[in-house]
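Novice: Chains as they are written, first to last, in this note's numbering: chain H, 1 to 277; chain F, 278 to 554; chain U, 555 to 654; chain Z, 655 to 754.
Hints may be right or wrong, so weigh each one.
[To be verified] Derived CB-CB ranges, DEER-like: (1) A693(Z) x E252(H): 54 to 64 Å; (2) A321(F) x D224(H): 43 to 53 Å; (3) H260(H) x R653(U): 17 to 27 Å.
[Said to hold, decoys possible] Mimicking DSBU-like on lysine-lysine, the simulated pairs with C-alpha atoms at most 30 Å apart in a straight line are: (4) K705(Z) x K580(U); (5) K261(H) x K37(H); (6) K680(Z) x K705(Z); (7) K605(U) x K580(U); (8) K314(F) x K538(F); (9) K680(Z) x K605(U); (10) K680(Z) x K580(U).
In short, the hints are calculated from the structure, not lab data.
None of the values given here were measured: they were computed from a predicted structure.
Backbone N, C-alpha and C define an ideal beta-carbon position, used for all residues, glycine too.
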Amino acid sequence: MADLVGVFAASHTPVMLNFPDAVEEADRSAVYDEFRKLGAALAATKPQTVIVISDDHLHNFFLDNLPAFCIGAADSYASPAEHWLAVDRHALRGDSALSAHVLGEALEAGFDPAFSMQLTLDHGVLTPLVLAGLSRQVAIVPILVNCVQPPLPTMARCLQWGRFLSTAIRSYRGCERVAILATGGISHDVATPRMGMINEAFDREFLRLLELDDSEQLLRFATDHVNEAGNGAEEIRNWLMAHGAAAGHRFELQFYRPLHKWYTGIGMARWHTGDAS
Amino acid sequence: MADLVGVFAASHTPVMLNFPDAVEEADRSAVYDEFRKLGAALAATKPQTVIVISDDHLHNFFLDNLPAFCIGAADSYASPAEHWLAVDRHALRGDSALSAHVLGEALEAGFDPAFSMQLTLDHGVLTPLVLAGLSRQVAIVPILVNCVQPPLPTMARCLQWGRFLSTAIRSYRGCERVAILATGGISHDVATPRMGMINEAFDREFLRLLELDDSEQLLRFATDHVNEAGNGAEEIRNWLMAHGAAAGHRFELQFYRPLHKWYTGIGMARWHTGDAS
Amino acid sequence: MRNWQQDIPTIQAYWIDRVLFDVHHKEGHLQRYNASPDAYLSAIPLSAEIKALIRDNAVGALYLAGANPYLLRAHCLGLHMPDAEFVASLRAVAGEARRG
Amino acid sequence: MRNWQQDIPTIQAYWIDRVLFDVHHKEGHLQRYNASPDAYLSAIPLSAEIKALIRDNAVGALYLAGANPYLLRAHCLGLHMPDAEFVASLRAVAGEARRG
Ligand SMILES: [Fe+3]
Ligand SMILES: [Fe+3]
Chain H
1 MADLVGVFAA
11 SHTPVMLNFP
21 DAVEEADRSA
31 VYDEFRKLGA
41 ALAATKPQTV
51 IVISDDHLHN
61 FFLDNLPAFC
71 IGAADSYASP
81 AEHWLAVDRH
91 ALRGDSALSA
101 HVLGEALEAG
111 FDPAFSMQLT
121 LDHGVLTPLV
131 LAGLSRQVAI
141 VPILVNCVQP
151 PLPTMARCLQ
161 WGRFLSTAIR
171 SYRGCERVAI
181 LATGGISHDV
191 ATPRMGMINE
201 AFDREFLRLL
211 ELDDSEQLLR
221 FATDHVNEAG
231 NGAEEIRNWL
241 MAHGAAAGHR
251 FELQFYRPLH
261 KWYTGIGMAR
271 WHTGDAS
Chain F
278 MADLVGVFAA
288 SHTPVMLNFP
298 DAVEEADRSA
308 VYDEFRKLGA
318 ALAATKPQTV
328 IVISDDHLHN
338 FFLDNLPAFC
348 IGAADSYASP
358 AEHWLAVDRH
368 ALRGDSALSA
378 HVLGEALEAG
388 FDPAFSMQLT
398 LDHGVLTPLV
408 LAGLSRQVAI
418 VPILVNCVQP
428 PLPTMARCLQ
438 WGRFLSTAIR
448 SYRGCERVAI
458 LATGGISHDV
468 ATPRMGMINE
478 AFDREFLRLL
488 ELDDSEQLLR
498 FATDHVNEAG
508 NGAEEIRNWL
518 MAHGAAAGHR
528 FELQFYRPLH
538 KWYTGIGMAR
548 WHTGDAS
Chain U
555 MRNWQQDIPT
565 IQAYWIDRVL
575 FDVHHKEGHL
585 QRYNASPDAY
595 LSAIPLSAEI
605 KALIRDNAVG
615 ALYLAGANPY
625 LLRAHCLGLH
635 MPDAEFVASL
645 RAVAGEARRG
Chain Z
655 MRNWQQDIPT
665 IQAYWIDRVL
675 FDVHHKEGHL
685 QRYNASPDAY
695 LSAIPLSAEI
705 KALIRDNAVG
715 ALYLAGANPY
725 LLRAHCLGLH
735 MPDAEFVASL
745 RAVAGEARRG
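Excised from the complex, chain H in its bound form (with noise of 0.2 Å):
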């Protein structure tokens, strides 16, 4: 039975590569010393394998079969994506054991995901395991959420699928040590007439709410108040998952900055389920 040793979320944008010198030296390196902490965070925590859990931004989905949950079933991704990501290309190690686990698990527990055994992973999934100094070093297993073309998810029901995830990864059999990372968000917009703007204060709440870990309030919240925040806060759905899955264990702002010059309001944090609680 494997132990869900940590879960950790983190903002994930394209900008943060293509364009690093669109920020001050000072808001990049904090942004960059945050990530390989976080990433430090995560591999103190020694998973076999971390569940990454982001959205597909329509590079291996489109309107033709667009999936509210894909799980990913793959020994190895090709990444990224985009031809335009300002990075080199290189394949993630896929872990297909844990994730034809996660979808049988799914399915019988009155879940629908479709799955994907060939996936080209973009910046969603590498940015933040390449900043984090891990995209080398873990095998994954990426779960793709619909945060980016409606009908979307509802918030509910990601919390609901994060608490599936949970029960899923104790009842594994197949390794010992599994970690989460949810990437995406917060406030943002991705080619609205708003782009460049941050709702700082929804960020803040939101953050807030995770801490305070009130479900009914928190997906009031998300619900209510996702049209505030931007197209982009929409992917708050994948903490929300992370949130499901660390059920009630501590949360823990690791870091917030609103960088308009990239777009986004870059969150880090972090939810304790490794330690003795």
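Use these hints to put chains F, U and Z with the ligands onto chain H, whose structure you have.
Specialist: Positioned in the frame of chain H, the structure of chains F, U and Z with the ligands alone reads:
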């Protein structure tokens, strides 16, 4: 609010069209006649749209993104997907408004469908509609259930989906009359060493349990015995969706005959949801 | 403002998105598109007006027409459109974006 | 007997299925495959043995190797393999199929 005016089910197989002469004339006539009768009964319920529950036989979907459940959301669907299917190419009319409603309600109700705005439908949807004389008459919403590539959704989940569909139809304000046609099964094997064998006893018991309308027994039997009835029998998921939608209304078997030369136990049936009851 | 212009894509939005997607994901399409956007778009079932918006990188107008924002963003990054232009085109249609 | 040889495809089954799917769903692939199965298969990461099974329409052996049965069936219908041969090839491996 729309009424669910009728729920129907029928087997499908490409050989009915591709190899009509593989069976005796009497069998062929009987099957074609019964399809026309089913078509007439369905037409008599005067549906504005028919939700067709079937499976994609790996023409639209592949292992790179295989949905457990996918809702078609187009105004028109090309068909057939099979370049070798002996049928004239023609488009099936869609009802994207009803599709959008069902999709939205499903996500709200804790289901995780994929959606597609571009499907080229295969014999699973096309053959029964053509033989029933309906393929150029009705507007459809296709719902495609993974019955063809493990891991598959559970039998229980399909019944839940059916119950949900009934609710979603009844909350729809865009039209007044919706019917359901489920296609596939019953006992048959596709490309296995048993191909051409039919488990008639399985089929008779499955049909008896649909009539008996005891969900627990039905699910137990379907789950425990489907491996004795062939990989094509996995398509009873589509019948279970229909059964869930028809929730408690009288089931009536119209026709059953095991046709080894067509490799399939061919059944047709209806649930009398439109009657006063 | 709302996060999305459409609750589910219209057929027109589907075809805009089809172009934005295919150009960056199908073998040889980016080259064909760059060689001649008009020729590339000729077989697509969209109006001349919409095709002109795509050809001219009229980001704001495409956004209002329901183009998926992620596809729009990736398309313009892929064509090396300057970010300042991209954002300015979007800002210009703020008044027409969906609210409520 | 069980309905499926594999609970989830192996990587080898994925690549067999990739070939069976692509030949009938990608522009020009059927022609290329018919012109020379060996040339078509040259770039596919499968062993020479498995490639030979595909080239020779060794239906039963491909079934045992985990090929999706629907793809196998559609492939052979698409290549106009006689049904009697198709079924015979499958019957021949009945003893080796997964049970329980
Ligand atoms: Fe993102
Ligand atoms: Fe079928």
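Novice: Return the numbers of the hints above that this structure violates; sort them in rising order.
Specialist: none
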